[in-house]
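Quick note, the sequences are listed as chains A and B, same order. Count the first sequence with my numbering and you get residues 1 to 924, in order. Count the second sequence with my numbering and you get residues 1 to 924, in order.
Since the hints were derived computationally from the structure, they do not count as laboratory data. Even glycine gets a Cβ: it sits at the ideal position worked out from N, Cα and C. Keep in mind that a hint or two might mislead.
Claimed, not checked - Quick list of simulated restraints, FRET-style, between CB atoms: (1) A:854 with B:497: 54 to 60 Å; (2) A:415 with B:626: 34 to 40 Å; (3) A:576 with B:689: 57 to 63 Å; (4) A:899 with B:800: 54 to 60 Å; (5) A:415 with B:673: 43 to 49 Å.
Said to hold, decoys possible - Once the Cα atoms are required to be at most 20 Å apart in a straight line, the calculated EDC-like pairs of lysine to aspartate or glutamate come out as: (6) A:796 with B:866; (7) B:796 with A:242; (8) B:768 with A:840; (9) B:844 with A:764; (10) A:844 with B:721; (11) A:796 with B:849; (12) A:844 with B:764; (13) B:796 with A:866; (14) A:873 with B:849; (15) B:796 with A:764; (16) B:873 with A:859; (17) A:559 with A:764; (18) B:781 with B:764; (19) A:796 with B:859; (20) B:334 with B:625; (21) B:844 with A:721; (22) A:796 with B:863; (23) A:768 with B:866; (24) B:796 with A:849; (25) A:796 with B:242; (26) A:448 with A:536; (27) B:796 with A:859.
2 protein chains.
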Amino acid sequence: ISVGNVVNGFERYVFSFGDGCDTPPLDKNLLGGKGKGVSEMADMGLPVPPGFVITTEACKYYRNNKRAMPEGLDMQVEAAMKVLERQMNAQFGSIDNPLLVAVRSGARVSMPGMMETVLNLGLNDEAVEGFARQTNNRRLAYDSYRRFITMYSNVVEHVNPRIFEKELEKMKEEQGVTQDVDLSADALKELCQRFKALKLKATGTPFPDDPREQLVRAIRAVFDSWDSERAGAYRRFHGYPDDWGTAVVIMTMVFGNKGDDSATGVGFTRDPSTGEKRFYGEFLPNAQGEDVVAGIRTPQPVNELQAVRSGSDLPTLEKTMPEAYKQLMETAQKLETHFRDMQDLEFTIDKGRLFMLQTRTGKRTGLAAINIAFDMLNEGLIDEKELIMRIEPEQLVQLLAPVFDPQEKKRASPHLAARGLNAGPGAASGVAVFSTEKAVEMKAKGVKCVLVREETSPEDFSGMVAAEGVLTMRGGSTSHAAVVARGIGKPCVCGCGSLRYNREENFVRVEGTGMVLREGDPISIDGTTGEVYFAELHTTPSEVLQVLIDKTKLPEESKTFQQFNTIMTLADKYRRLRVHANADTGRDAEVARALGAQGIGLTRTEHMFMDKERLTDVRKMLFSETEQHRKEAVAMLLKYQKSDFVEIFRAMDGHPTTIRLLDPPRHEFMPHDEEELQQLADAMDTPLEELLRISEAIREANPMLGHRGCRLGILFPYLTEMQAQAIFEAAVEVAKEGKTVMPEVMVPLVTSKNELRHQKAIIDNTAKAAFERSGMTLPYKVGTMIELPRAALRAKEIAELAEFFSFGTNDLTQSTFGISRDDSGHFVPAYISGVEYPGEGQEKIQILDNNPFDVLDQDGVGELMEIARDRGKQSNPNLKTGICGEHGGEGRSVNFCHRIGLDYVSCSPYRVPVARLAAAQAAI
Amino acid sequence: ISVGNVVNGFERYVFSFGDGCDTPPLDKNLLGGKGKGVSEMADMGLPVPPGFVITTEACKYYRNNKRAMPEGLDMQVEAAMKVLERQMNAQFGSIDNPLLVAVRSGARVSMPGMMETVLNLGLNDEAVEGFARQTNNRRLAYDSYRRFITMYSNVVEHVNPRIFEKELEKMKEEQGVTQDVDLSADALKELCQRFKALKLKATGTPFPDDPREQLVRAIRAVFDSWDSERAGAYRRFHGYPDDWGTAVVIMTMVFGNKGDDSATGVGFTRDPSTGEKRFYGEFLPNAQGEDVVAGIRTPQPVNELQAVRSGSDLPTLEKTMPEAYKQLMETAQKLETHFRDMQDLEFTIDKGRLFMLQTRTGKRTGLAAINIAFDMLNEGLIDEKELIMRIEPEQLVQLLAPVFDPQEKKRASPHLAARGLNAGPGAASGVAVFSTEKAVEMKAKGVKCVLVREETSPEDFSGMVAAEGVLTMRGGSTSHAAVVARGIGKPCVCGCGSLRYNREENFVRVEGTGMVLREGDPISIDGTTGEVYFAELHTTPSEVLQVLIDKTKLPEESKTFQQFNTIMTLADKYRRLRVHANADTGRDAEVARALGAQGIGLTRTEHMFMDKERLTDVRKMLFSETEQHRKEAVAMLLKYQKSDFVEIFRAMDGHPTTIRLLDPPRHEFMPHDEEELQQLADAMDTPLEELLRISEAIREANPMLGHRGCRLGILFPYLTEMQAQAIFEAAVEVAKEGKTVMPEVMVPLVTSKNELRHQKAIIDNTAKAAFERSGMTLPYKVGTMIELPRAALRAKEIAELAEFFSFGTNDLTQSTFGISRDDSGHFVPAYISGVEYPGEGQEKIQILDNNPFDVLDQDGVGELMEIARDRGKQSNPNLKTGICGEHGGEGRSVNFCHRIGLDYVSCSPYRVPVARLAAAQAAI
Ligand SMILES: [Mg+2]
Ligand SMILES: [Mg+2]
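Generate the whole structure from the sequences, applying the supplied hints.
Below you can see the structure in the form of structure tokens.
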């Protein structure tokens, strides 16, 4: 007698599903994911074994009341079992005609560490005989019984399953057989008795014969498993609250192991790799669920197309059970129409009859996600907004990266030399070069090359630009090589530790093999997989880039481009955040525009300094102690920088362009080897010893926390002046060409208002002078990076002078965590993967969910950003706020930026599409 | 007709003082410091030239109303002038009997950059003749007139005074005289005309002849000077609000230049160097105020005692004008009794008659401050609380430092070789040693030595302990040498850039001189002044330490100790903050206790590792890659650490002792030279190349942000375990001796709760095991440093596990500012002293008020501390909070810690008295 949420005066904890039952409330939070899935399928009239769900509320009660079952639950379970008995025409606990059930856990989200499944519950020494008679299959009965004893003992009473496996092996030996299926019913019967003895020995208590006791203990085991250490740890890492609790799903057993007209299987309603609209699945005839997982037998393809494509000659479900197959296809179709997404299914065929055991949204690759989303949009299953939400921003990267043909890879497999970190997606191929000079030389000759270095430094920038891709032997996915490569869209494999560079003889060898690589040898790297081949593999730029940048393809020739374009158009329709790019050259700026950037959020002037032909002047400017030398160098650099800015402003016509003043510590510009030092000494007309003294004097213990950022421009105002002059003269020049120039000058590493005040005075004076000389005045903005905690805290004062804030989340992460990005490889990987937990009851402890240099740390760094935004707006309500740095192109971080109301994100040009999509998702 | 604050219906802006006037409200905020001083003296009946004050309110009105004078002000000034005219029996603007006045600015605090003084206002070409007749002194009249033209043109109209000086020189040349006083009245008259012509040429406007115009313009000039760039900049740096405004003080002129019975002078009511109770001052006969400042003539001592003591044979005021002198002494006495503090006075004697022009609290040295405070307590002028407030905490350091006898210094002056930064107060003398080994060797031989190094590293710790003092050639007052020296109470001079170390031949030379220092040569350093002598000067420990630590003096034998002791006793009576010490050895702990520490707030275990005999084991433990070696090393170190902790716990009987787990990056422990590396390789049974590889692998780009702090203990749990075991075994051992042990284990550099969770599990497990083994359980605490911004932000979670927070403000300052302490020397000194301001109207811009590593940055670092305190207490109301690190012994920082409600501060043992006093002042 149940009304709403009350049954006989008690809260309702049990909901039956299936034939003749009311549909339970289809609420994942109440029924768990699994319970909702089967209830919903039953409601749709699909073939689901009847059963019931014990709600998460019961689990909550149990946890909050010292493991006491809620009052009324026993009666509700009893009543639900009665319904099952009626439906199945069998009795739970009966010896002659037993009803067997499966007990499964099922929280809102699937969660490792929780009890999974107990099948065949309800069997005991007597019921097994009744079951044998019922099915007329004694072997099935004892096979099911021994499986039940094993599963129950393991998942309910935590007995190590190895002891049962060993006994099974022993029995097969005794019987002189090799396969489980060759064991006779009698042998299995004997095995069941031995299993029960083993269980008694292991736990000190006999195996419970009473099916009602089995059921209650299985339910309690599910509840208890919610609080297992592993499940708890999993929740803590994902930030799931402990009080969700788990539901319990109890279903009548169906048997895939009743013979050749029975089977069990799993499948996807569409191909999870490609997204193609065809059922993709595997099954095992005459088997129970756990056999598929155990991997003892090779699963068979569900349909003929799949068999042909995968070259399998195993019989398909389509062939062997055409009726059930047809029913499965119809069911899949109905589920897709109902759930409007690709489904991941579990099914069992019991003597030719199909039963659905589970349905949930299926995981898929990036390509598949995109294809499926578009197909479903065309099929009318989903609308535009849903299409946007269906594609992971990160998956777009695959659309943009150059690719190796899989055939090519197969061919080249003997030349696979090493594997490193897949630090910059895409494929690159060419001849190996071991220095930036060589890379530039090759580029000049029109020869494609891959730069191979122990590790890269800022001086390698032009080499990285010249090369097709970059391979390093040291450094993680946040090393200089990796960061720069992603920034300029180059494939990169880094930290390839098995490679050894022999400096004297200038070759690379692969440790533990005889393989050797010399300059000029062919090499290919796959930055998507981390593979390194000592061979030349052909690559093609992605179709999207062929259309947008190389213009070697027309839009109408590429479906991939059209999809990309549609996604971007839709994303732009919904997003609020502006997306800018980090671009250091005119070329970067053009790429950024082609990929949809609405401005430049960061131009790093120092990258312009690293050019070979300028470096000597840069060094003269930074290290000369004579006014004359310095002035000459400044004049030269002014010319260079101006021409850079001219190109950038041209490309950005009508779009804001943020230029950051010189940022890195001076020592980065010092030559590293004796020869170059001598050259510089000559060029500077300075004794080598003097130069060495200067080099020593500016060396820093912790350069990241040293004399850099605006601290340079404050002590050496001519640096700021030169850069500002280059900016404003370039701006005037481009404006006179009739373009709209919107320069924004950004001061790095401030901690106080007075620093900005000093730099702004130089910038404003220089602008005024430049405008007066040219007879033309342009609007411009002066703003600041917020990249140190103190800047965030003092944002109110700083915003009295700043027209914009750009959060430099790389530095802000470094300072907030006190972790140097360059050194983080020593411990951050272990922090993420987790270390052994020295305390009680928990194996591992994870310190970080993500690398905070990859995914913005919302709890720490993010709070400082919110503080800065609030305080900044207090004194300057028109303050423009944005983020530049690696996080600006990472989906979760972009989402956060949207949520806290920033105006824009800025990321490397090739991440712009990712940011556009992420911004749209955040807005929807 | 004035009633209260209203005069004839207008607000009252003018208050007259002197004979027959009501006493103005004695409010510094209204009258300014100077105005209040003279008004109060007039009220006391002391001889003050009559005058009046225009209040700061008038200035505020003027500033807020586009430089319009408030209505009614002109009439009120007119009325006040009338009062003066009556009092002086002269008329302002009269040709025959002119009234002359002085106009001075005077804000709440004296402020550089504001207009100072215009004397003799009221003169013009006609009035000067009247004045000559009036005084019967034509030379006086024209001398006053030419001074007036100069001062007025300069301070009111900003004419460069150099043009007048040059003209004066020219005139002296023309007249063939060398001294100003030798110019005749006619020559001066001619000079006045030339000055007026120069003024006209410089400003384009004639010198104003109308005294009323002169007065109005001088008043406006005072108001305007409040908004001069320099005054504005000064206010910004000191955080004084712009809206205070300045008052104007107008007084009738009195003349110290009327002849030999006239004089002008300054003085202190007690000796500002020693505090001795005797008037100390200087005067010039026949002079006006600015002559004393200009320094053209040598000022004469006021009294005979002073003359004798300073060896001066110039006539004293006591001798030459005994009546005026007597009056001055009586006045000084009255002022002290009235203001209950030592006063800094200005006076003028006009034809034998004394006039007081200013009185304010006098600045004094530390020793003087203490002596004066005690004298005044004894005289009943002040009470206990006032005594505490009268002593700058920093001044106590002088009571504790060893000293050179001034006679010794005089004798040694030919050997003065260099001056460096006075980084660690006190004096040290001995033979020079250039290495830690040599220092230790000398110590063992009982020879006192001074360690002379280019710079020091952690390995030099034992050398610094062995030496009497430390001298370095590089590094600022926050360098390793300076920090450690202050920590262990050693005199230190650092950054002595004129010294050059010749490594090959092992000697030091003084650049630009022929002086050379070899190992074994005598050397003395004065860490209080920064002086370095290449000679041996005798030092004595301060009397306080002789009583408290060396026990070579009885308390009753030392007045200094008694004063110290009284100050400390009083401080302890009033303070709320507990004061702990940072101590790394039993000896440190004893010193700390003797100086009043109530616990240890920081024991740095790594300092224990640096001991020569342990270092090899430490290195084995940190770098061995074989389990066996590591275990042996750990066992050895366990023994060492335990014995250290036993000594510390013994010394700290009954007082909490906080021990920090290993903190520095491992590379700090790597040998630096080839030879030592080879030795270690041998000891570790490892090839040198392997060791070099390890050394390379653990080298970090930014070690401060690297693999250090708890990041070590998490990846190498045996480090934490060994240290915890040593702590608890030592605790048990000392507890069994009947002492009360209160260990607190502190985890460094956490950024998240899970890090603490990991380390706490090891600590708790180890404690449990140690207690079980010993059959004894002790209470202990586990807490954490809060030294990174993220830890402060996540304090709520962290405090769920932490029993205490200790703010590590050194690291917290580094990370909040993004400034490495080691590298801060490159720009922080310029940030503090100010850099050229590139904008309008202001010469310099200061970025930092103080070095944030010396004085806690309350605006940034301090806010993070408050955030951490609030959030920590939210989840753990019993959370104990404190500060360790350099700031714990700095007065302003201690005050802040009191204000935000911390429980304790911890500082180096020799700073404990400073902290005790600062804590008391904060509480009062
Ligand atoms: Mg930055
Ligand atoms: Mg620290």
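Consistency of the hints with the structure:
no.	hint	verdict
1	A:854 with B:497: 54 to 60 Å	45 Å, violated
2	A:415 with B:626: 34 to 40 Å	37 Å, holds
3	A:576 with B:689: 57 to 63 Å	58 Å, holds
4	A:899 with B:800: 54 to 60 Å	26 Å, violated
5	A:415 with B:673: 43 to 49 Å	45 Å, holds
6	A:796 with B:866	18 Å, holds
7	B:796 with A:242	19 Å, holds
8	B:768 with A:840	13 Å, holds
9	B:844 with A:764	17 Å, holds
10	A:844 with B:721	18 Å, holds
11	A:796 with B:849	19 Å, holds
12	A:844 with B:764	17 Å, holds
13	B:796 with A:866	18 Å, holds
14	A:873 with B:849	26 Å, violated
15	B:796 with A:764	44 Å, violated
16	B:873 with A:859	19 Å, holds
17	A:559 with A:764	50 Å, violated
18	B:781 with B:764	10 Å, holds
19	A:796 with B:859	12 Å, holds
20	B:334 with B:625	79 Å, violated
21	B:844 with A:721	17 Å, holds
22	A:796 with B:863	14 Å, holds
23	A:768 with B:866	43 Å, violated
24	B:796 with A:849	19 Å, holds
25	A:796 with B:242	18 Å, holds
26	A:448 with A:536	10 Å, holds
27	B:796 with A:859	12 Å, holds
Hint violations for this structure: numbers 1, 4, 14, 15, 17, 20 and 23, all remaining hints satisfied.
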